[in-house]
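Build out the structure end to end from the sequences listed, making use of the hints.
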Amino acid sequence: MSLFEAIILGLVQGITEFLPISSSAHLIIVQAMFDMSFAGFSFEILLHLASVLAVILYYRRDLIEIIRGFFAYFTNRSTQNKSMFFFAIYLVVATAITGVAGILFEDYISDTFKTPTFIALALAITGLFLIIIERFVKLGNRTEKEMTFTDSIVIGLGQCLALIPGLSRSGTTLIVGMFAGLSKETAVRFSFLLSIPVILGSSVLAIDDLISGALLEHTGMLELSLSFVITFIASWIGIVFFINLVRKSKLIYFALYCFIVATLVFLFRDSLNMSGM
Numbered sequence: 477m478s479l480f481e482a483i484i485l486g487l488v489q490g491i492t493e494f495l496p497i498s499s500s501a502h503l504i505i506v507q508a509m510f511d512m513s514f515a516g517f518s519f520e521i522l523l524h525l526a527s528v529l530a531v532i533l534y535y536r537r538d539l540i541e542i543i544r545g546f547f548a549y550f551t552n553r554s555t556q557n558k559s560m561f562f563f564a565i566y567l568v569v570a571t572a573i574t575g576v577a578g579i580l581f582e583d584y585i586s587d588t589f590k591t592p593t594f595i596a597l598a599l600a601i602t603g604l605f606l607i608i609i610e611r612f613v614k615l616g617n618r619t620e621k622e623m624t625f626t627d628s629i630v631i632g633l634g635q636c637l638a639l640i641p642g643l644s645r646s647g648t649t650l651i652v653g654m655f656a657g658l659s660k661e662t663a664v665r666f667s668f669l670l671s672i673p674v675i676l677g678s679s680v681l682a683i684d685d686l687i688s689g690a691l692l693e694h695t696g697m698l699e700l701s702l703s704f705v706i707t708f709i710a711s712w713i714g715i716v717f718f719i720n721l722v723r724k725s726k727l728i729y730f731a732l733y734c735f736i737v738a739t740l741v742f743l744f745r746d747s748l749n750m751s752g753m
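Mapping of the sequence shown onto this note's numbering: residues 477 to 753, in sequence order.
Calculated from the structure, these hints are not laboratory results. Bear in mind the structure is a predicted one, so any value in this text is a computation, not a measurement. Honestly, I wouldn't trust all of these hints.
Once the Cα atoms are required to be at most 35 Å apart in a straight line, the calculated DSBU-like pairs of lysine-lysine come out as [stated by the list, open to error]:
id : residue 1 : residue 2
1  : K726      : K558
2  : K590      : K614
3  : K726      : K621
4  : K621      : K724
5  : K724      : K590
6  : K660      : K558
7  : K726      : K660
8  : K724      : K614
9  : K614      : K558
10 : K724      : K558
11 : K590      : K726
12 : K621      : K558
13 : K660      : K724
14 : K621      : K590
15 : K614      : K726
16 : K660      : K590
17 : K614      : K660
Label pairs and their computed distance ranges (CB to CB) [stated by the list, open to error]:
id : residue 1 : residue 2 : range
18 : V568      : V705      : 45 to 53 Å
19 : F546      : F480      : 19 to 27 Å
20 : L732      : L533      : 47 to 55 Å
21 : K621      : S725      : 18 to 26 Å
22 : Y729      : K614      : 18 to 26 Å
23 : F742      : T619      : 35 to 43 Å
Think of the CB as a built atom: it goes at the ideal place given N, C-alpha and C, for glycine as much as any other residue.
The structure is reproduced here in structure tokens:
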């Protein structure tokens, strides 16, 4: 892997991970456009770890509040502690649903749906639902205090759809959460916090490569470090950018972007070589 590839992949992963435009689709498209390749699944996991580090640091106060409230609830069942206790439980439930789906279906989905035509279709579907949720659905106002187990199950199932390349994890969880009646702020917060256990759980798959040094041998320390740092910085920018636009009800911009990328991928589908990915 060259330094150029390390920079490009880091930027793409970081910027797209938390925007509703599918980071997996963009990584696939960029690799096909520039005829890039990287050593196995572990490099992609490493980039995701950089993204999740940005989330952890951005939401560090929320995480401390949730963890503190979760354990405090066993001795002090105040309204606040109860809210944080069940919020943590809901994150676990949604994560478990996604984890089971990933174990059962990820290989099949990856082999079946990682084609230019299907990625274009998935991006277009994402754009369509972003428009629907912003323009045609009455938004809810329920916060984490009004969340239920049903919400966590529905969001967990929605997140399973992101196993399909082209369907954004942040996009599906946000859309499903808002359809369920959660406020935009609560849906965004739950979506971002949900990414932490999901990404950390998937990183288990790369432990062998990381411990054995196989990833370092194939990629190089400088390239790995550069990609990690760039992904972290770009992820932080993406988080701030997305939260600001959601507050201003500007999801339509992401929808238009999805339609443009979907059209380009479909038009140039014969030129995109994704067979080796």
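Hints and how they fare:
As the CA atoms of K726 and K558 are separated by approximately 33 Å, the hinted pair is consistent with the 35 Å bound. In summary, the hint linking K590 to K614 is supported, as the alpha carbons are separated by about 34 Å, within the 35 Å threshold. Taking the CA atoms of K726 and K621, the gap is near 26 Å; set against the 35 Å cutoff, the hint holds. For the hint pairing K621 with K724, the CA-to-CA distance comes to about 23 Å; that is within 35 Å, so the pair holds.
Distance restraint check for K724 and K590: the Cα-Cα separation of roughly 33 Å lies within the 35 Å cut-off, and the hinted pair is therefore satisfied. Restraint check for K660 and K558: the C-alpha separation of about 22 Å stays at or below 35 Å, so the hint holds. Restraint check for K726 and K660: the C-alpha separation of about 12 Å stays at or below 35 Å, so the hint holds. Of the supplied pair hints, the one linking K724 and K614 holds, its CA atoms being roughly 16 Å apart against a limit of 35 Å.
The suggested pairing of K614 with K558 holds, with an alpha-carbon distance near 28 Å, which does not exceed 35 Å. At roughly 31 Å between alpha-carbon atoms, K724 and K558 fall within 35 Å of each other, so this suggested pair holds. As the CA atoms of K590 and K726 are separated by approximately 29 Å, the hinted pair is consistent with the 35 Å bound. Using a Cα cut-off of 35 Å, the hinted pair K621 and K558 holds, with the two alpha carbons roughly 8 Å apart.
Pair hint K660 plus K724 holds up; C-alpha atoms about 10 Å apart against a cutoff of 35 Å. With a CA separation close to 39 Å, the supplied pair K621 and K590 exceeds the 35 Å bound. A hinted pair counts as satisfied when its Cα atoms are at most 35 Å apart, and K614 with K726 qualifies at roughly 15 Å. For the proposed pair K660 and K590, the alpha carbon gap of about 31 Å is at most 35 Å, so the pair holds.
Taken as a hint, the K614 and K660 pair is honoured in the structure, with Cα atoms around 11 Å apart against an allowance of 35 Å. Between V568 and V705 the CB atoms are about 31 Å apart, so this pair departs from the stated range of 45 to 53 Å. Range check, F546 to F480: about 44 Å between beta-carbon atoms, so the 19 to 27 Å window is missed. At roughly 30 Å, the beta carbons of L732 and L533 sit outside the given window of 47 to 55 Å.
Our hint of 18 to 26 Å for K621 and S725 holds, since their Cβ atoms are close to 23 Å apart. Against the hinted window of 18 to 26 Å, the Cβ-Cβ separation of Y729 and K614 comes to about 21 Å, which satisfies the hint. Range check, F742 to T619: Cβ separation about 40 Å, and the 35 to 43 Å hint holds.
Going through the hint list in order, the structure does not satisfy hints 14, 18, 19, 20.
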